[in-house]
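Residue numbers (the working numbering), protein chains in the order written: chain A, 14 to 195; chain B, 14 to 195; chain C, 14 to 195.
Keep in mind that a hint or two might mislead.
In this list, chains with the same sequence are indistinguishable; a pair is considered to hold if it fits within one copy or across any two.
[Said to hold, decoys possible] Once the Cα atoms are required to be at most 30 Å apart in a straight line, the calculated DSBU-like pairs of lysine-lysine come out as:
#	residue 1	residue 2
1	Lys111	Lys64
2	Lys111	Lys166
3	Lys151	Lys186
4	Lys159	Lys41
5	Lys118	Lys65
6	Lys64	Lys151
7	Lys65	Lys151
8	Lys188	Lys126
9	Lys88	Lys118
10	Lys88	Lys166
Since the hints were derived computationally from the structure, they do not count as laboratory data.
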Amino acid sequence: MITFVLGGAKSGKTRWSLRYAEDLTGFKNYYYLATAEAHDEEMQEKIELHKKERSAFWKTIEEPINISSYLERLKDTSSVILLDCLTLWVSNLIHYRKSFEEEIKIFIEILEKYKGHERDWIILVSNEVGLGIVPEGKLAREFREKAGLLNQKIAEISDEVYFIVAGLPLLLKQKGFTGSMI
Amino acid sequence: MITFVLGGAKSGKTRWSLRYAEDLTGFKNYYYLATAEAHDEEMQEKIELHKKERSAFWKTIEEPINISSYLERLKDTSSVILLDCLTLWVSNLIHYRKSFEEEIKIFIEILEKYKGHERDWIILVSNEVGLGIVPEGKLAREFREKAGLLNQKIAEISDEVYFIVAGLPLLLKQKGFTGSMI
Amino acid sequence: MITFVLGGAKSGKTRWSLRYAEDLTGFKNYYYLATAEAHDEEMQEKIELHKKERSAFWKTIEEPINISSYLERLKDTSSVILLDCLTLWVSNLIHYRKSFEEEIKIFIEILEKYKGHERDWIILVSNEVGLGIVPEGKLAREFREKAGLLNQKIAEISDEVYFIVAGLPLLLKQKGFTGSMI
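For reference, chain A alone in the conformation it holds in the complex (with noise of 0.2 Å):
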């Protein structure tokens, strides 16, 4: 299964998708995969406090780019994997000025085979990005496009979407699956 959870900065989106992946009962393992690096103290004080926030049975695995060989080995394991998260897995990319469109590809392609499974369950979070206005530096609006690009295609491929705002979610996509957790 994908679930995937948008939202903005602090809106509360790691907190709800830990309390939802801890819902979820029947499987083997918990993987936290976190894709933050830090750069600066600020960062590292951010990392530090999300840490806190998990509970002891999630292992964490800091990944900032390959999380797509990641996610092809954890399948059929079992495993609920949360991946927090692709935008700044997408900002990652741009720093290391990896393809995006080719790291993309992969990504869905491996993403693909967790869709409709029950016995796999991967829960993606992301910001979003796109609702200010038109940011003034040429980078800033190429990650937004990026970003927005990658949360479009993520969505599609979704088995259910939720748009988390100040901590509660808003039903985007629910599809083909009714489960006790809605």
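Chain A is fixed; fit chains B and C onto it per the hints.
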């Protein structure tokens, strides 16, 4: 009929609106009324990309300012008109130093003729730009205020309003009409 | 009762809240608790515009910081209180170098007394500011974080939460209450 489609940058609002419009049957003409003007290369690329997204049966009209006269002219021609987008129009009005209040007044007056009329269908695409922090530039703040005010006015007179997030629609308003496309 | 109204800049959240409040009957007083302070002419104009929007039966209290003491005092006076807005209050707390954590703690404690009580009704208006790209300034990022955290906290204890887009409400939360105004 007036359908108002609101969304962020790269939210998929144009693509969604095109599909929505193409599903409307029983009309003779399909006009894509584009307000975009290429002030630089980046903009030119966006316009070309949008052109490619549209299938052949769309007739494109490019008009940065005088959209009201087209709405006036196309009334009672059994047309679906996709106006993309209102925020660029606002931006053009500011750029060409037009009177915002006056232009909006004329626009709303003509638009109201479409309200509730099932033989004419106008789809208005617009950006939501007010969900980031206060912009530093005065011009950006003015643009944000004008765009927000216009969005409120349009939403008020529209027959239906959708908010697009990551390509998925949230229905905000549906009034006096229950059709098959919803 | 606590109604939380969240929305972007120029989303019509104040206007919607005023109408919502004016539809609440059976109360003796209607207080408009304004946190806005005119630091410049632009702000002064906005305050004057907001004043005009309110009808005569609203009693206006202007208080940039000590809103908690007013909530304390107005409890059990059969009042509808419209607090507009929380994000300006956060901005003022930062401006006057108040302790955010301490002020929020006191505020939440008093606010909780309104929760579920049908004889007192407080409507809290706030801006959603986290749906654009990461702001460049450190102060702007801090403000965005604080505003987002406060919005989460308020949403959590509120009886009902609305997200306003282009003047139209999206119901985010509705709990233990089914009234005629919904």
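Of all the hints given earlier, name the ones this structure violates by number, lowest first. Per hint list: 3, 4 violated.
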